[in-house]
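Participant: Since the structure of chain A is already known, use the hints to place chain B on it.
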Amino acid sequence: MSKITLSVVVGALVLSVVFGYAFTQRGSAGSADPAAVRVGRQASDFSIKLFSGEEFRLSDQRGKAVAVNFWASWCPPCREEAPVLERAWQAYKDRGAVLVGVDIWDNESDARAFMKEFGITYPNGLDATGEIAIEYGVTGLPETWFIDRDGKLVRRWIGPLTDYQVSAFFEEALR
Amino acid sequence: MILGMGLRMIFRMNSKMNSKAGSNRLGKSLLIVSLAALMVMSLGGTALADAEQDRQVREIAQSLECPVCDGQSVADSSAPLAQDMKSVIRRKLAQGETRDQILQYFVDRYGEAILRDPPKQGFNQILWGLPVLGLIFGVWFLGYTMRRWSSRDQASTPSQAPAIPEDLAVYEDRLENELKQRRPRGKRRKSGNR
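If you read the protein sequences in the order shown, they are chains A and B. Residues 1 to 175 (the working numbering) make up the first sequence, in order. Residues 176 to 369 (the working numbering) make up the second sequence, in order.
It should be emphasised that the hints constitute simulated quantities derived from the structure, not laboratory data. The model shown is predicted, which means the values in this text are computed figures rather than measured ones. The reader is advised that the hints may include incorrect statements.
To be verified - Straight-line C-alpha distance at most 30 Å; calculated DSBU-like pairs for lysine-lysine:
id, chain 1, residue 1, chain 2, residue 2
1, B, Lys-261, A, Lys-152
2, B, Lys-261, A, Lys-49
3, A, Lys-49, A, Lys-116
4, A, Lys-93, A, Lys-49
5, A, Lys-49, B, Lys-267
6, B, Lys-267, A, Lys-152
7, A, Lys-64, A, Lys-152
8, A, Lys-49, A, Lys-64
9, A, Lys-93, A, Lys-64
10, A, Lys-49, A, Lys-152
11, A, Lys-116, A, Lys-93
12, A, Lys-64, A, Lys-116
Stated by the list, open to error - Okay, the calculated beta carbon distance ranges per label pair:
id, chain 1, residue 1, chain 2, residue 2, range
13, B, Glu-341, A, Ala-12, 43 to 51 Å
14, B, Trp-315, A, Trp-74, 25 to 33 Å
15, B, Ala-226, A, Thr-129, 33 to 41 Å
16, B, Arg-233, A, Leu-174, 24 to 32 Å
From the three backbone atoms N, C-alpha and C, an ideal C-beta is built for every residue, glycine too.
Pulled out of the complex, with its shape left as it was, chain A reads as follows (with noise of 0.2 Å):
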């Protein structure tokens, strides 16, 4: 074996060891997946204001499940989640989930004629500043995040919600 390729060989064993050991430490300095930093941790509370004009609290959904979903009319996945989203509040309503709906980026007109169309009947409220968005980490819509009885974050999900999953996560979390 030469000079230069045992140094190569070296080179390239010494990077190894230094990748390695800096991907172990990744998990500590943070993460670039915005799931890994929220998921497991206490839910920020917020409140909205519902389009029906009541007051939506987080914190006084405590003891429940709730799945909080992000939305706006304009976002073409929204209009395909619409359907499952109010069929799994019609079946969870009364066994202790709760489902809100966030809407985002839009305004409020375009959001009732959109929960007019789907016949939407899960609380609803527009967030108009978006701070509830930055506070959940929101990245596109739809989004929904699942928070468990105790008020931890447990799941998250980008992209529309098929009845599987929501039946799933209500399940699990009500069992």
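Facilitator: What follows is chain B alone, placed relative to chain A:
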């Protein structure tokens, strides 16, 4: 407060002037001019404070990567999320939070990927250190290669090179001998044909 002090001074000056005959008109004019000046100063002060806050908002927003854009900072993006983030920065600055506290707020929600300049710790330390490591390796490799080239050049200098002509002489002799051996045979073949 400054405006109040200014007004008190002007009223005092004005009342002194009023005591003198014929100074009424001058006093009023002075009062108006002074009031206008104070208003301009006060507005200018507010504008300066706003400009300073705008600068701070922009500086912090420049340090943040827009989470829904491609390679754009929050400052440069017009996405609704970026606009909301700028409002949050402004509100937090008004509440007296520092730059580091505000950046940490976003890191806690979006991860370190939101920072355009990742902190020099953990995995990021490697990212910062890699160019330096690369430079050191490059300099070493260049030096090593140049040393090899120079030693090869020394090995092929003319003083040590006469081996080639000697080799050539050997080959020339061999060629000459072979040609000599072949020539008579050719003559024999020619004479035989006759």
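Participant: If a hint holds in the structure, say so; if it doesn't, say that too.
Facilitator: So, going through the hints one by one against the coordinates:
For the suggested pair Lys-261(B) and Lys-152(A), the alpha carbons sit about 28 Å apart, so the restraint of at most 30 Å is met. For the hint linking Lys-261(B) to Lys-49(A), the alpha-carbon distance of about 23 Å falls within 30 Å, and the restraint holds. In summary, the hint linking Lys-49(A) to Lys-116(A) is supported, as the alpha carbons are separated by about 18 Å, within the 30 Å threshold. Distance restraint check for Lys-93(A) and Lys-49(A): the Cα-Cα separation of roughly 20 Å lies within the 30 Å cut-off, and the hinted pair is therefore satisfied.
About 22 Å separates the Cα atoms of Lys-49(A) and Lys-267(B), which keeps this hinted pair within 30 Å; it holds. Pair hint Lys-267(B) plus Lys-152(A) holds up; C-alpha atoms about 26 Å apart against a cutoff of 30 Å. A C-alpha spacing of about 11 Å is found between Lys-64(A) and Lys-152(A), which places the hinted pair at or below 30 Å, so the restraint holds. A hinted pair counts as satisfied when its Cα atoms are at most 30 Å apart, and Lys-49(A) with Lys-64(A) qualifies at roughly 20 Å.
Of the supplied pair hints, the one linking Lys-93(A) and Lys-64(A) holds, its CA atoms being roughly 10 Å apart against a limit of 30 Å. For a cut-off of 30 Å, the pair hint linking Lys-49(A) to Lys-152(A) stands: about 23 Å separates their Cα positions. Restraint check for Lys-116(A) and Lys-93(A): the C-alpha separation of about 19 Å stays at or below 30 Å, so the hint holds. Taken as a hint, the Lys-64(A) and Lys-116(A) pair is honoured in the structure, with Cα atoms around 27 Å apart against an allowance of 30 Å.
At roughly 45 Å, the beta-carbon separation of Glu-341(B) and Ala-12(A) lies within the given 43 to 51 Å, and the hint holds. Between Trp-315(B) and Trp-74(A) the beta carbons are some 57 Å apart, a value that contradicts the proposed interval 25 to 33 Å. Taking 33 to 41 Å as the suggested C-beta distance range, the pair Ala-226(B) and Thr-129(A) does not conform, at roughly 23 Å. Checked against the hint of 24 to 32 Å, the C-beta distance between Arg-233(B) and Leu-174(A) comes to roughly 48 Å, which is inconsistent with it.
Violated hints for the displayed structure, listed by number in ascending order: 14, 15 and 16.
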